[in-house]
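Trainee: One letter stands for each residue in the lines below.
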Amino acid sequence: MNSIVKYITDVYRAVKSLVTGMKVTGYYFVHPGEIVTQQYPENRKELVMFERFRGEVIMPHDDNNQHKCTGCGICQINCPNGSIEVKSIQVETEDGKKKRVLDQHIYHLSMCTFCGLCIKTCPSNALKFGNEFEHAVFTKSKLTKVLNRPGSTLMKGVQ
Amino acid sequence: MTELINVTEPDKLTDQPEDQDKLTEQLEEQEYIINMGPQHPSTHGVLRLVLSLKGEIVKNIQPHCGYIHRGIEKMCERLTYQQIIHLTDRLDYLSAHHNNEAVCLCVEKALEVEVPERVKYIRTIIDELGRLASHQLWWCSFGMDLGALTAFFYGLRDREKILDIFEETTGSRLLQSYNCPGGLMNDIHPNFQKRVKEFITYFRKKLPEYDELLTGNVILMERTKGVGFLSLEDAISYGVTGPSGRASGFACDVRKHHPYSAYDKAEFKEILYTTGDTFHRYKARIDEMWESMKILEQLIDNIPEGDYSAKMKPVLRLPEGEYYQRVESCRGEFGVYIISDGNKTPYRIKFRSPNFSNLSALNIIARNFKIADLIAIGGSLDLVIPDIDR
Amino acid sequence: MTNDQLKEKITAIEPEAVFSENKQYLTLSIPKEKLFAFAEKLKGSEALKFDFLFNITGVDRQKSLEVVYHLDSSVYRHVLVVKTETTDRENPRIDSVCSIWHTAEFHEREVFELFGIKFNNHPDLRRLLLEDDHVGYPFRKDYVDDNIVQR
Ligand code: SF4
Ligand code: SF4
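Chains as they are written, first to last, in this note's numbering: chain A, 1 to 159; chain B, 1 to 390; chain C, 1 to 151.
Below 27 Å or equal to it, Euclidean Cα-Cα: the simulated DSSO-like pairs (lysine-lysine) are:
no., chain 1, residue 1, chain 2, residue 2
1, B, Lys256, B, Lys294
2, B, Lys74, C, Lys63
3, C, Lys34, C, Lys7
4, A, Lys45, B, Lys161
5, C, Lys141, B, Lys344
6, B, Lys225, A, Lys6
7, A, Lys6, B, Lys370
In case anyone wonders, no lab produced these hints; they're calculated from the structure.
Using the sequences provided together with the hints, build the complete structure.
Mentor: Printed below as a string of structure tokens:
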């Protein structure tokens with residue numbers, strides 16, 4: 001007798017627990033407004049990343065094609081993965097002095113772990129994280145970028 | 001698989017029916033070895049378990065790890081203390097912030113730097129958010145291991161909210177690298193407090209759904225209750241920490257017993273169960289989510305004003321000596337042991353990873369249960385493989 | 001219990017322990033022959049009850065190979081660091097503490113493959129992380145591998 005009662009209560013409990021779960025899913029079935037799924041890539045246009053999002057390292061340039069990098073190489077020393085190579089050249093300034101300026105700031109996106117040390121330690125705040133996140137390419141060499149634009153110069157007033 | 005099994009005197013057996021029966025008999029008596037993994041959905045990563053089975057019963061489990069052994073400890077011997085931080089993210093990626101914090105606390109202890117109160121509060125809050133996110137992901141994947149795919153979507157839905165908070169403040173969703181020795185990389189985002197409070201209100205409503213969907217579910221109960229026992233002695237002896245250890249009654253919460261950051265300022269309960277079966281390992285995590293929310297509520301409004309980082313030298317040289325720091329990561333006790341010889345790189349650094357010890361207990365937990373139960377048990381231990389392999 | 005009280009109690013059971021300076025945890029070293037008996041006493045003693053071994057670290061001190069045990073008590077919550085070392089680099093052997101703390105099984109396997117320290121009486125001393133045909137002990141300071149990037 002007891003076993004029959006137990007059997008019936010067990011069945012009852014089991015069905016009840018299933019119905020409880022179904023209630024939750026049923027609720028969302030009739031409330032489509034609460035669905036949070038985003039339709040990527042269809043929503044590419046509206047998709048805005050947060051301002052601090054770490055997509056890649058970039059070097060901001062102003063309207064006159066000027067950047068703030070002095071070519072000191074501190075970011076290169078601080079990068080744990082060796083993803084930055086700073087190439088600087090000696091040039092002669094107008095008053096005849098020799099000065100080191102940035103030639104190429106090479107950045108290997110494929111080796112970067114987005115730790116932020118280069119940006120934090122740069123003495124002249126020349127680097128910044130960009131929000132671009134769609135980095136998939138077919139050849140690895142495309143992930144090696146030169147951050148300073150061609151023909152760009154050092155911003156006035158940056159030492 | 002027959003090649004793997006040694007049949008006694010196989011040459012004498014012919015293909016006569018009676019001999020074949022004898023062969024079947026012998027094979028049934030012997031243990032059957034199968035490989036689970038390295039690419040098995042329920043090992044959550046590249047872990048290979050070599051199982052000895054007798055029928056459906058698991059008799060022995062030999063874990064084979066190291067598929068993603070990167071030698072992080074050796075790599076760290078060549079990196080400065082600031083540079084080490086980003087590698088610790090990659091141990092247990094779901095408790096990235098806890099690991100970062102452990103290294104930072106250890107370095108700060110060695111240099112005797114007092115970090116601003118603000119930093120301590122923010123670190124604790126992000127710790128707890130990370131714990132919530134990790135437990136949510138565990139809940140989804142545990143459900144999925146047991147065949148409840150619905151759970152997966154509900155857990156991820158809520159986890160997304162936390163990841164958004166992380167992204168806004170730290171810049172990354174998973175591997176935050178938000179700590180640096182002395183403080184934080186940057187200050188919290190102005191929206192941070194508002195968003196965390198919104199999230200807590202939201203999640204207080206949504207967490208009961210977890211119980212309705214999965215906890216009371218008859219299939220989950222049948223598959224977890226009374227399955228995979230870990231006794232208190234074994235939990236201590238095998239060093240099983242975190243929710244898995246606490247389900248066996250092992251009071252091992254580092255936050256409570258060796259408080260760090262701002263944990264001494266918050267009231268919370270250490271979740272302890274006594275049976276140590278799969279269901280209670282499950283319950284311990286669900287309860288921990290409630291406790292985490294309690295901690296968040298107490299701290300979020302009281303973040304003191306101040307700097308987000310102490311003044312640090314650009315090159316850190318730890319004084320000669322040995323330093324150890326324990327923190328409670330999402331899966332148990334994480335420890336950093338630094339031996340310094342006075343240089344700017346550590347002489348030896350060791351990470352005590354919780355999953356490594358938790359995995360060692362898998363053999364005694366799952367032994368003599370069915371192979372299907374092993375999936376539930378493995379899920380309830382919540383192993384993260386990169387943390388084991390390091 | 002403060003570190004000084006702990007020190008007294010430990011000196012009582014093992015007078016040969018050499019304590020070293022450490023601000024955080026009480027640290028001592030013990031000759032490797034005495035390790036096992038000492039470890040048994042640490043766990044067995046009612047007043048100490050070091051039942052939770054939370055970390056085993058291998059260290060290459062160049063002159064010697066060292067193994068560091070971090071012990072905690074789940075009852076009293078005091079922490080002790082025990083060190084033992086061997087100067088034999090060719091065939092280093094140290095007693096296993098597996099039978100006292102089961103967690104040592106995995107930790108010792110790790111130390112074995114990374115430092116080459118063999119643990120006597122270990123039930124299953126196999127490689128854990130490296131591939132089976134790996135040559136050398138990578139965490140030793142004199143390990144050379146062409147793939148390691150020098151900086
Ligand atoms: S980016 Fe900054 S740190 Fe790097 S070379 Fe330029 S100025 Fe120096
Ligand atoms: S973010 Fe880190 S890894 Fe990437 S380039 Fe900068 S320093 Fe190197």
